[in-house]
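With the hints as your guide, set chains B and C with the ligands onto chain A.
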Amino acid sequence: MTEAEREIKEKVRIYIMGREYKVPAGLTIMKAMEYAGYRFIRSSGCRGGFCGACATIYRVKGDYKLRMALACQETVEDGMYISQIPFTPAEKPIYNLEELSPSANVFLEYYPEIAKCVSCNTCTKACPQDLEVMDYVQAALRGDFQEVASLSFDCIACGLCATRCPAEIVPYNIALLARRLYGKYVMPKAKHVEERIKEIESGKFNEEIQKLMDTGLRDLKEIYEKREIEPE
Amino acid sequence: MVKIPYYPGCAVQTTARNYSISGIAVAKKLGIELVELPKWNCCGVFPSLATDDLMRHLAPIRNLIHVQEMNENGIVQNENRVITFCSMCYHTLKEANLFLKDAEKMEKINTFLEREKEFVGGVKEGYKGGVEALDFLEVLRDIVGYDRITKEVKKPLKGLKVAPYYGCLVLRPREIGIDDPENPTILEDILEALGAEVIDNPNRTQCCGSYHTVDRKDIVAKLTYDNLVYPIRNGAEVIVTCCPLCTFNLDHRQKEARKLRRDLQEIPVMYYTQLMAIAFGLDKQFWGVDLGLHYVDPKPLLKAKNLY
Amino acid sequence: MDLVEKVKSISGEDVLSCYQCGLCSGSCPVRFAMDLSPTQVIRLVQVGNIEKILESNTFWICSTCFACHARCPREINITRIMEALRQIRLRRDQDKISVNKIPKEELKILPPIALVSNFRKTTA
Ligand code: SF4
Ligand code: SF4
Ligand code: FES
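Residue numbers (the working numbering), protein chains in the order written: chain A, 193 to 424; chain B, 6 to 313; chain C, 26 to 149.
Don't read these hints as lab results, they were simulated from the structure.
All figures in this text were calculated on a predicted structure; none of them were measured in a lab.
Heads up, the beta-carbon is just placed ideally off N, CA and C, and yes, glycines get one too.
Incorrect hints may appear among the rest.
Across the chosen pairs, the derived CB separations fall in these ranges [said to hold, decoys possible]:
id, chain 1, residue 1, chain 2, residue 2, range
1, B, T116, A, E202, 33 to 43 Å
2, C, G73, A, T267, 52 to 62 Å
3, A, V378, C, K31, 29 to 39 Å
4, A, P285, B, D205, 43 to 53 Å
5, B, K8, A, E202, 25 to 35 Å
6, C, S123, A, T280, 16 to 26 Å
7, A, E422, C, K133, 43 to 53 Å
8, B, E109, C, E30, 14 to 24 Å
9, C, A149, A, I401, 49 to 59 Å
10, A, P285, B, N76, 21 to 31 Å
Bound-form chain A, shown alone:
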């Protein structure tokens, strides 16, 4: 028996919202829950660790530590008590990026509560993406948007940090603003995109688009399936 086969044969005991299930070892939390009979209507999206929909909290029997994970990425462990956090309530201030500039106080203007951060680092401990969340919140406090953008680049907005912050800060929205400012003010413009937009606007593809619009659903599906995909 290979290692992988043994893992699947062996069962572990997990508790989904308090109820006990025996599931094959080696499954992700998400698959284990499906194995146990749950059907995901929320809390699941890409299944690849990118969309941030599957935020999960758990404890393991015999350990006081509260742990955070993405259900589609974390493998089940014996004795896990699992609960999901399908949605994080969070205020999203409205701003017009065209009117914003990366001034020293731009974060305080839209998210004054970042001044409440006590540097407890709870957010960093919560982040399943291993980001230094506290450090990017702190960089925001001093207006260093480039630092915020680079530290938060891998944020998938799962919301776990925001559920744990004792200062009730929503780090990922701040990070989003920083990356938007970064994109607008620092990143070099992609020339080929601009050129392509010009081509589209000048009507170069009108004919082809019209052809697609006139195609029936079944043919369209076939074209889609046969499309060229860049090699991975």
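Relative to the frame of chain A, chains B and C with the ligands by itself:
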């Protein structure tokens, strides 16, 4: 050149850039290289005054640990001092050490930090104690010395009438303060070394209204009026400060103070480091007067005194 | 824990040693905006009437300047007592200010340290 760790703090990186730009240049001229902590967070600004509020002491302690790490990583050698410009940062960092004299509290904090080892960027080792926070004013008095300052003066501030203003947090409580809480002299001594005319300011140790500037501008306006009107009556042409929050209240809140009492004249407010940069004849970029950070522009006064 | 004990334990100060000389109130730069003076606050802690203090604005108006503490002949840290009183309210999640209502024009110019210190003193 002696290398000493430097903790900037949020204010001198944003609204008080004129303070750090001038201060760092002045320090360099005086043979001190301020080495910025490779990683730092907001100091917390005010230490918690509650005996049981450990969480709110974490912020300054993290920064002290970063100084410890600078020694371990060889960025500085055997250098347990850390210098700040901002009075509030100084106060909070200094208080953290007093707080940790209680061994039980130190242990609790270090136990809390223990788990961070598991995480990227987490603190790798607890605080061992012994990092000493220094306000840049103390550095000038105790490490540099006033004579050395006088020696660096190229353009004495002759005829410039300056009133010092200390505020609270570099002076009180006594165990944190850098000078006599009722009768401090550091700013006066520095100004004299620069050749300025020191004007008596009876309000130099009175509060500026501090954080009430966020939600009680009325209180701050009244204090700003009081804190400016007496030195002005004594002939002051510029107020010299050492704290970014005092400076904001004394400078920007003149608008509100003048609404309250029309007889208040406008007066520029500058950091002592800016005047030092001017007197040392440093390049204009280090004076910090052209960054648009002053509410009352000090340039007309400097021009009138042939200093700009 | 009753409120008097709470004030004593959070502040760590011995309020009974106050002999009501009034120096703290005389030194307080923001006394003009308070409804109870610092000296009255200490007295009310001594007699155990914390509710009356909690109805006042005094401990919110205190600006943590330590002027009272610097001059108190009994070396009481009155500033810590004010902090304890704020904490009693804040620990019940009763914020003094509402962060969302600070005008944008102010947020644009305020030093970060003004906001950090204010929120530490006025929000839970
Ligand atoms: S920073 Fe917050 S929202 Fe972003 S991935 Fe980490 S925990 Fe999730
Ligand atoms: S959890 Fe909140 S208070 Fe703690 S470090 Fe992160 S942002 Fe700051
Ligand atoms: S389902 Fe998208 S990250 Fe887990």
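**Prompt:** At the C-beta level, are A/V378 and C/K31 separated by a distance inside 29 to 39 Å?
**Reply:** violated, 51 Å
**Prompt:** Between A/P285 and B/D205, is the Cβ distance one that fits in 43 to 53 Å?
**Reply:** holds, 48 Å
**Message:** Between the beta carbons of A/P285 and B/N76, is the distance compatible with 21 to 31 Å?
**Reply:** violated, 42 Å
**Message:** Against the range 43 to 53 Å, how does the distance between the Cβ atoms of A/E422 and C/K133 compare: consistent or not?
**Reply:** Hint holds: Cβ distance 45 Å, inside 43 to 53 Å.
**Asked** Does the Cβ-Cβ separation between B/E109 and C/E30 fall within 14 to 24 Å?
**Response** holds, 21 Å
**Prompt:** Taking the beta carbons of B/K8 and A/E202, is their distance inside 25 to 35 Å?
**Reply:** violated, 57 Å
**Asked** Should the hint that B/T116 and A/E202 are 33 to 43 Å apart at their CB atoms be regarded as holding?
**Response** holds, 36 Å
**Prompt:** Okay, C/G73 versus A/T267 on CB: inside 52 to 62 Å?
**Reply:** holds, 58 Å
**Message:** Given the hint of 16 to 26 Å, is the C-beta distance from C/S123 to A/T280 inside that range or not?
**Reply:** Once the Cβ atoms are compared, 22 Å apart, the range 16 to 26 Å for A/T280 and C/S123 holds.
**Prompt:** Would you say the C-beta atoms of C/A149 and A/I401 sit inside 49 to 59 Å of each other?
**Reply:** This hint holds: roughly 56 Å between Cβ atoms.
Checked against the numbered hints given earlier, this structure breaks hints 3, 5 and 10; the rest are met.
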